[in-house]
Amino acid sequence: MTGGTGRVAVRLRVDLIACDGRGLCAEALPELITLDDWGFPITVDRLVPPRLLADARETVRACPRLALRLDRLRSRWSRNPVTTGPAADGGDSRT
Amino acid sequence: MSAAAAFGGSQALWFVSRASGLALLVAFSGVVVLGVAARLGSAPRPWSRLALSELHRTLSLFSVSFLGLHVATAISDPYVTIGWAATVLPFASPYRTAAIGLGALAVDLGGAVLITSLARQRLGYRGWRVVHWLAYLAWPVAFAHSVTAGNDLRIWWVALVEEGCALAVAVAMVARLLSWWRFPTERLLG
Amino acid sequence: MKRGADLSERLALPRLLPTGGLAGPTSLAGHLARYGPPPASLDQRQRESLIAEVARAGLTGRGGAGYPTARKLAAVAAGHAPVVVANGTEGEPASAKDKVLMTRSPQLVLDGAVLAAEMVGARETVIVAHPAARRVMADAVAERARARFDQVRIRVRPAADRFVAGQASAVVHWIERGVPAPRASPPRVTERGLHGAPTLVQNVETLAHLALIARYGAAWFRSVGTPAEPGSMLVTVLGAVREPVCAEIAIGTGIGQALDLAGGRSAPLQALLLGGYSGDWVSAAVAMDRPFSSAGLADLGAGTGAGVIAALPAGACGLKETAQVVRYLAGESAGQCGPCRFGLDAIAGQVERLAHGRGADPRLLHRWLGQVDGRGGCAHPSGVIRLIRSSVRVFDAELRQHAMGWCSGTARVLPVPPGRSR
Chain A
1 MTGGTGRVAV RLRVDLIACD GRGLCAEALP ELITLDDWGF PITVDRLVPP RLLADARETV
61 RACPRLALRL DRLRSRWSRN PVTTGPAADG GDSRT
Chain B
1 MSAAAAFGGS QALWFVSRAS GLALLVAFSG VVVLGVAARL GSAPRPWSRL ALSELHRTLS
61 LFSVSFLGLH VATAISDPYV TIGWAATVLP FASPYRTAAI GLGALAVDLG GAVLITSLAR
121 QRLGYRGWRV VHWLAYLAWP VAFAHSVTAG NDLRIWWVAL VEEGCALAVA VAMVARLLSW
181 WRFPTERLLG
Chain C
1 MKRGADLSER LALPRLLPTG GLAGPTSLAG HLARYGPPPA SLDQRQRESL IAEVARAGLT
61 GRGGAGYPTA RKLAAVAAGH APVVVANGTE GEPASAKDKV LMTRSPQLVL DGAVLAAEMV
121 GARETVIVAH PAARRVMADA VAERARARFD QVRIRVRPAA DRFVAGQASA VVHWIERGVP
181 APRASPPRVT ERGLHGAPTL VQNVETLAHL ALIARYGAAW FRSVGTPAEP GSMLVTVLGA
241 VREPVCAEIA IGTGIGQALD LAGGRSAPLQ ALLLGGYSGD WVSAAVAMDR PFSSAGLADL
301 GAGTGAGVIA ALPAGACGLK ETAQVVRYLA GESAGQCGPC RFGLDAIAGQ VERLAHGRGA
361 DPRLLHRWLG QVDGRGGCAH PSGVIRLIRS SVRVFDAELR QHAMGWCSGT ARVLPVPPGR
421 SR
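Protein chains in written order, with our numbering: chain A, 1 to 95; chain B, 1 to 190; chain C, 1 to 422.
Extracted from the complex, chain A is given alone in its bound form (with noise of 0.2 Å):
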């Protein structure tokens, strides 16, 4: 869903399965990526800063085993491009 701005509500997911714990990302993106205690990455659960959107990017990238992704999310409600306040408003079309 795109806001007034024209920026994206997206949100950073690790596939732990294709993970192994290389921790590439943490170093690329701590403020959103920190590692647990067996090394493996714990993302935050909320929607990309737009500031970080193109770090984000950069490190999907860079993650040897490509275990990251970025979601796009879709709001249940607004087909209007035309948004007022954040887009984190729980209309997500994950899983």
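A hint or two may mislead.
[Claimed, not checked] Negatives, chain C to chain A, calculated, CB over 10 Å:
id: 1; residue: A29
id: 2; residue: R47
id: 3; residue: A77
id: 4; residue: A81
id: 5; residue: K99
id: 6; residue: A145
id: 7; residue: A218
id: 8; residue: R290
id: 9; residue: S294
[Said to hold, decoys possible] Cβ-Cβ distance ranges computed for the label pairs, FRET-style:
id: 10; chain 1: C; residue 1: R56; chain 2: A; residue 2: R46; range: 35 to 41 Å
id: 11; chain 1: B; residue 1: F183; chain 2: C; residue 2: G66; range: 36 to 42 Å
id: 12; chain 1: A; residue 1: D45; chain 2: C; residue 2: R389; range: 16 to 22 Å
[What the hints assert, rightly or not] Below, a sample of chain C positions facing chain A; criterion: calculated Cβ distance under 7 Å:
id: 13; residue: P339
id: 14; residue: Q371
id: 15; residue: G377
FYI, nobody ran anything at the bench for these hints, they're computed from the structure. All residues carry an ideal CB built from backbone N, CA and C; glycine is no exception.
With chain A fixed as given, assemble chains B and C onto it according to the hints.
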């Protein structure tokens, strides 16, 4: 002929070709060593796995410019007839067919690795990985090309550089092999 | 809808299991005599109306997740060249219901599988059967084949003997490549499953209910149970009861009544494990008067899960039981995801220390529970965390005793298969 004139003669072209070829070998060797280091996580502090991985990527892209220079000067050189086709078609060069052919083969293999890496996210992990193994073939072929296509090994420091590259890559390959033998968690085809 | 038996008989329980003291599996003839024939081959309109009937019936999955069946049917029916998988893996050691259903009423399960296939437009169905029931299922399929009963092809495969093997994508992975490990989702198996086809994975009990809804309708199905959770379900009652049993109850039946079906408790009880090994402990005093339904147990933090009701006597140590189960579950990790493979092992170590009063670190355990919960390729780690959290809640008195160095008991109540080497 005008390009040759711009470069100041056949001697200059040939010289640049040999120099860029050596630089390319050094860069390619660095790429292989960095690739193995990034994979094995053999990162002493303050080097990070991310830094090794990104360096591996950056250096490989940078090597393409050395390759371009190496190939363009060799083919533009009027003293020998190689032909543009021989860049990618092995054994299409009338001059030193086998030696140049090895170079073309290295370009083909390395090119496949590079292109699949650039398109990795579209290709998916398994497709990318199968082709990436070809890098271990591309390097020996490139090395064989470097020792057969030119006469520079008689220069002592060139020989030293070549031996250094071979040693570094050999160590990396052995390390990779040992790691795979000890931790065979990944099946060959992903 | 075809009518088979007498109306009053049809309204009574059991519905899925044979009545009377029948020893072996019901034959095809016996099955048809009791229930009547299933609906004949369906055209498009009939398929859609049948799915709508299932929606009206409010049937939900009986494998533990409780997903609305009609919704899953519709999703798969929308796909191209779908496949149906009847999931009789029953990886849960404490549960016997799927094995019992398959060995006593195999034809009902097969009816359900075939009907589900017809409803979604599949030409084939694969029955993944627990080894204990595989032979009976194969014989039942052969019986149908001899009678040329179905237009849908039926294959029977033995299930893998692992806890996570019953997970939907793991079943598909097992059939495809012999690896009983869950696969990444998205894509969901309803979109891309067995050999890339949209796949309906349904617990065998759910399919059995489906076979009866197709005959008798939604109103009949809803005549027992609660309005929010209609119908009947199979439960496995074990532990400190006189006669452990697998029985069929109306959803919402009192837990005390469910225990009575197993001859009543054999000792004073301290707690119950509800749902399964991914379920929850509840204190016996509180739970005895509760209905066995998700709504009735929600405020206790529990649910019906896979229908397990395990009774823990006062003389047992709930922490030791939990520790044994957690160690087993940690060993059953598919080993694909770091938090599960390493985290559960570490957590199991801490829970064992709690159980044996050997210097556990509660803060570390709490940290790890938070780190592992909800992370992984399937819900396995979350289920373990859930069990542990409920055990700490329910057995807090036991925890205090352990801290002082003594323990209620050592009785081993919950069945835990012997450990396997990785």
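The hints, checked one at a time:
1. With 10 Å as the threshold on Cβ separation, the claim that A29 (chain C) sits away from chain A holds: the shortest Cβ distance comes to roughly 44 Å.
2. Remark: the non-interface label on R47 (chain C) is consistent with the geometry, its nearest Cβ contact in chain A lying 26 Å away (cut-off 10 Å).
3. At roughly 20 Å, the least C-beta separation between A77 (chain C) and chain A is larger than 10 Å, which holds for a residue marked as non-interface.
4. No beta-carbon of chain A comes within 10 Å of the beta-carbon of A81 (chain C); the shortest separation is about 23 Å.
5. No beta-carbon of chain A comes within 10 Å of the beta-carbon of K99 (chain C); the shortest separation is about 29 Å.
6. Interface exclusion of A145 (chain C) from chain A stands, the closest Cβ pair being 38 Å apart, more than 10 Å.
7. For A218 (chain C), the shortest C-beta to C-beta distance to chain A comes to about 28 Å, beyond the 10 Å cut-off, and the non-interface label holds.
8. Every C-beta of chain A lies more than 10 Å from that of R290 (chain C), the closest at about 31 Å, which supports listing it as non-interface.
9. The Cβ of S294 (chain C) lies farther than 10 Å from every Cβ of chain A, with a closest approach of about 20 Å, so its non-interface assignment holds.
10. For R56 (chain C) and R46 (chain A), the hinted distance range of 35 to 41 Å is satisfied, since their beta carbons lie about 39 Å from each other.
11. Checking the proposed 36 to 42 Å range against F183 (chain B) and G66 (chain C) shows it holds: the Cβ atoms sit about 40 Å from each other.
12. Distance hint check for D45 (chain A) and R389 (chain C): the Cβ-Cβ separation is about 19 Å, which falls inside the suggested range of 16 to 22 Å.
13. The interface hint given for P339 (chain C) is met, as the beta carbon of that residue sits about 6 Å from the closest beta carbon of chain A, less than 7 Å.
14. Proximity of Q371 (chain C) to chain A holds as hinted, the smallest CB-CB distance being about 4 Å (cut-off 7 Å).
15. With a least beta-carbon distance of about 4 Å to chain A, the hint placing G377 (chain C) at the interface is held under the 7 Å criterion.
The earlier numbered hints are all upheld by this structure, with none contradicted.
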